[in-house]
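One line per chain: the protein sequences are V and R, in this order.
First residue of the first sequence: 516, per my numbering; consecutive thereafter.
First residue of the second sequence: 10, per my numbering; consecutive thereafter.
Worth flagging that the hints you see were computed from the coordinates, not collected in a lab.
Don't take every hint at face value.
To be verified - Mimicking SDA-like on lysine to any residue, the simulated pairs with C-alpha atoms at most 20 Å apart in a straight line are: (1) V:LYS994 x R:ASP251; (2) V:LYS553 x V:ASP539; (3) V:LYS577 x R:ALA198; (4) V:LYS577 x R:GLN196; (5) V:LYS925 x R:PRO118.
Unchecked claim - Under 8 Å between C-beta atoms, here's a sample of chain V residues computed to sit facing chain R: (6) ARG872; (7) SER905; (8) ALA912; (9) SER932; (10) ALA934; (11) PRO937; (12) LYS998; (13) ALA1012; (14) SER1016; (15) HIS1018; (16) VAL1021; (17) GLY1025; (18) VAL1026; (19) GLU1029; (20) LEU1030.
From a predicted model like this one, the values you see are computed outputs, not experimental measurements.
Backbone N, C-alpha and C fix where the C-beta goes; we use that ideal spot for every residue, glycine too.
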Amino acid sequence: MTQIPVTQISAADMAALVDREEHDFADMQRRHFKARAKMSLENEALRASFLGASNFLVGKRKAMFPDDAELSALRNRGEAIRQHTLNNLPDLLQRLETNLTANGIQVHWAETAEEACWLIHNILQDNNARTVVKGKSMVSEEIELNHYLEQRGIECLESDMGEYLVQLAKETPSHIIMQAIHKNKEQIARLMHSRAQTSDGQAVPYSEDVDELIGNARSILRDKFMTADAGISGVNMAVANTGTLCLVENEGNGRMTTTVPKLHIAVTGIEKVVEDFSQVPDLLTLLTRSATGQKITTYFNMISGPKKPGEKDGPEQVHLVLLDNGRSRIFNHDTLKPTLQCIRCGACMNHCPVYARIGGHAYGSTYPGPIGQVVTPQIGGLQKHGDMLSACSLNGACGDACPVRIPLPKLIRELRSEAVNPDVNHLTADSIRQVFNPVLGRGSKRTLGESLIWRGWSLAHRQPWLYRLMTRLLTRGRKLLPKKLGPWTRSRSMPQAAARSLHELVRDRGVANELNSGESQ
Amino acid sequence: MPLSDAASAGPALARSYPVKPRAVYLMGTCLVDSFYPQAGMDAIALIEREGVEVIFPQAQTCCGQPAYNSGYDDEARQVARQQLEAFSADIPLVVMMGSCAAMLHKDYPSLFAGEPEEAQAKALAARTYEFSEFMVNVLQVELTDNSQQPLTVALHTSCSARRSMQVAEQHKALVSSLSGVQLVEPQRATECCGFGGTFAVKQPDISAAMAKDKADNIAATGADVITSADCGCLMNISGTLDKQGRSLPVKHLATLLWERSQ
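Excised from the complex, chain V in its bound form (with noise of 0.2 Å):
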């Protein structure tokens, strides 16, 4: 192996560095959105990274699907595929149960963060395991396991390479496939070398060489994948009619997972179930081409249970919880619902112009990106996540990019109104429409200040009248206009306004005002 030499910077600076990152993350997050987004901005290094990966991913993906009419019949039948797991979710969930508890793999219903974890402790204490390897599960951060675990003497130690790194640099993920794609090769190197140790509790020789970074990495793993006490992972797909657990990786790391510790411990959301192995082709295709662009990816494990008598190797017990956290809530809600088609793949953030710029960590939730913006506040609750709302320019790049065809900017629009509208009780003029399910914090993100505006606005523009009065004060007046306008002339110079109106240049030029009686196309 050949080491780079590092010739100017020495290890304590690099400790110090890695150390200032930790402490910059801790402290955006402690910020309110905007100033997440502003911090973001102001990173050169962050939005190159992003804007890079962006394109990489964008590029990716769009030569998997040469096609696009093949695209749109897959996207169908994926959209098909999930919309019929909706459909039928609590019978599918309970044919789910029974044929897992047939295969030997125990099942759990948790219906809150707290109460998963909680369980998930419980089944470890049960088996005296101390020692945690985990496969890279985005439902473990939602309910923040490792946190839990850890509070109870338990050590949990992420295997996937980007869930590895983001643990050592104590931050949390910034992508929901890529979790460490906000650090670039030198930031990565550092950390490795700071904060990693080998088992014999050396420092990793510094390298900026990728393969020597995973060389590492790997070494250090699998010395943990043989003595750990248990293995938790997620779970891509639940298959109903057979009992299966589909899990889709990259690094081998979740086979190890779920293969070498005697106890293995997955967790899910409820929507990830379908209902039979016909159905999964499709959403593989779909998932690996969206996400990495990959035709397939190098691991696709089915487990269908724990060891077997006369079975050489597996888990002597296999566990699975079903998370709700919110979901039936969302299940429940007539236009968001399609917000559980969802199947992660991180497209729509790949496709997106603000998380591109911004990066995942400015949403301050374990879901970044347009679907973030879409689950967060539904599980945790408009009032402390509504304001994240607002960084959609509803350009719709995502919602065309979504495999499973998931109306996303519909959703933040339909979410917006959630914040701003306080009334459970709908009016209007000739019925009552109640609102059964609420977001919840529903109507808390309304001010006075911005009701009245657009009450104003209102009244401006559904009187013919006033509208043409206020646009020729602006024509007439547009001299008079200050040069500046807010944040908008920070970056853009004042716009123009015509002398006239096209009402007034119209009505000049004799056009007519209505079609005249008894005419018709």
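Keeping the supplied structure of chain V fixed, place chain R upon it in accordance with the hints.
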């Protein structure tokens, strides 16, 4: 090959188009009304030249999109109701901007779902066309470039025009049909310019970062003129370039087409 053939290539669900009508409504939209009124006049000239009468109801105001996109559905509906009234006769409605066209064509049906005006809103949505779509697919215009001067044009198709109305090909077809015009596409052409209506006000820093990248990419094309059928984008991009001291003339698509073909 007629423009309409060029523009219908693609997997998008094809919309069916009526034969050339005797008369159409024109919706200027509020941005065109106060900031780019000449675009409206040029669109009228283009449509009338094809033998179609243009009706411009003075009672029209705004489609209601700013309030709708901000989640103020009631306020949006109150304003939208005014447009249902202003454009009540059963003739096609041509809208000068992609985003407003998308509001009427795509969002009015859900905005009025369960309301007394639901049927009326659906009917208006069905006869609403974005400007370029109407030119290409309904009027099937054949433009002759009568200008002697060669011109390099950077085309910015708005996200609403591209994704909601799916008329990016119509924009290209119209500009490309002008023989003296060289059409150039900036890098990351399909990406949002950062305007997004109230987005630019609520998230000014993110919006400015997006606008800067868009302005850089457009400036890099070396174009003489920027054209778009969405004035929010034009205002955003040209305002950004202007502030940076590298102004480029901007023209609504209708103005470019009329100036070159009259």
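So, going through the hints one by one against the coordinates:
1. V:LYS994 x R:ASP251: Holds, at about 18 Å.
2. V:LYS553 x V:ASP539: 13 Å, holds
3. V:LYS577 x R:ALA198: OK: LYS577 (chain V) and ALA198 (chain R) at ~15 Å, within 20 Å.
4. V:LYS577 x R:GLN196: 16 Å, holds
5. V:LYS925 x R:PRO118: 13 Å, holds
6. ARG872: With a closest approach of 5 Å, the ARG872 (chain V) hint holds.
7. SER905: Since the shortest Cβ distance to chain R is 4 Å, the answer is holds.
8. ALA912: 7 Å, holds
9. SER932: With a minimum Cβ separation of about 4 Å from chain R (threshold 8 Å), the hint on SER932 (chain V) holds.
10. ALA934: 6 Å, holds
11. PRO937: Because about 12 Å separates PRO937 (chain V) from the closest Cβ in chain R, which is outside the 8 Å limit, the hint is violated.
12. LYS998: Since the shortest Cβ distance to chain R is 11 Å, the answer is violated.
13. ALA1012: ALA1012 (chain V) check passes; min Cβ-Cβ to chain R is 5 Å, inside 8 Å.
14. SER1016: SER1016 (chain V) check passes; min Cβ-Cβ to chain R is 5 Å, inside 8 Å.
15. HIS1018: At 6 Å from the nearest chain R Cβ, HIS1018 (chain V) passes the 8 Å test, so the hint holds.
16. VAL1021: Where the cut-off is 8 Å and the nearest Cβ of chain R is about 5 Å from VAL1021 (chain V), the hint holds.
17. GLY1025: Violated, because the Cβ-Cβ distance from GLY1025 (chain V) to chain R comes to roughly 10 Å (cut-off 8 Å).
18. VAL1026: Because about 5 Å separates VAL1026 (chain V) from the closest Cβ in chain R, which is inside the 8 Å limit, the hint holds.
19. GLU1029: 6 Å, holds
20. LEU1030: LEU1030 (chain V) check passes; min Cβ-Cβ to chain R is 4 Å, inside 8 Å.
Of the hints listed earlier, those the structure fails to meet are numbers 11, 12 and 17, in rising order.
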